[in-house]
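Trainee: Sequence:
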Amino acid sequence: MFRRIGTVMLAFATLALLLAVAFARTDTPRLEPEALKPQQRPAAVFDHDAHNEKAKLENCAVCHHDAKDGKIVPEGSSEGTPCADCHAKAATKGTHLVNAYHRQCMNCHKTSGKGPTSCGGCHVRD
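Reading the sequence shown from the start, the letters are residues -24 to -1, 1 to 102 in mature numbering (1 follows the signal peptide of the UniProt record, and there is no 0).
It is possible that part of the hints are untrue.
To be verified - Simulated restraints on C-beta separations:
no., residue 1, residue 2, range
1, SER88, MET(-16), 42 to 52 Å
2, HIS72, VAL38, 14 to 24 Å
3, MET(-16), GLN15, 40 to 50 Å
4, ALA43, PHE(-13), 53 to 63 Å
5, VAL100, ARG(-22), 38 to 48 Å
6, PHE22, HIS72, 11 to 21 Å
7, CYS62, HIS27, 14 to 24 Å
8, ARG(-21), LYS30, 22 to 32 Å
9, PHE22, LEU(-15), 31 to 41 Å
10, VAL100, ALA(-14), 24 to 34 Å
11, GLY52, SER94, 23 to 33 Å
12, ALA64, PHE22, 14 to 24 Å
Claimed, not checked - Simulated pairs of lysine-lysine, BS3-like, Cα-Cα distance not exceeding 30 Å:
no., residue 1, residue 2
13, LYS32, LYS90
14, LYS44, LYS32
15, LYS90, LYS30
Calculated directly from the structure, the hints in this document are not laboratory data. Keep in mind it's a predicted model, so treat the numbers as computed, not measured. All C-beta atoms, glycine included, are put in the ideal place defined by N, C-alpha and C.
Given these sequences and hints, build the entire structure.
Mentor: The structure is reproduced here in structure tokens:
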């Protein structure tokens, strides 16, 4: 009898601990550049370090590419430069900022066969 009660109590304590950890993070990272406002959907949920660790990305230039004369320079990196510096909201030349994000993320996810490829996969409604 006491063994069963102890097991149930342990299960509840474990559940309480897991729930506390799950809800402890209140600052969910989101991609919200000013250049993307107003938005029809919530900003993409994106934790840079967790994403790179899970995807095993070590080369920053994979995402943070550099360009010269409108062409991507494979060995270059724009790390530390906001995407909006090159990809304008109203792109008259080059790639529009929204399209740049979507192409970069979705092409990689489709090519690797991993990660979300639907709108709701990244733009999670609260």
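Trainee: Output the numbers, in ascending order, of every earlier hint that fails for this structure.
Mentor: 8
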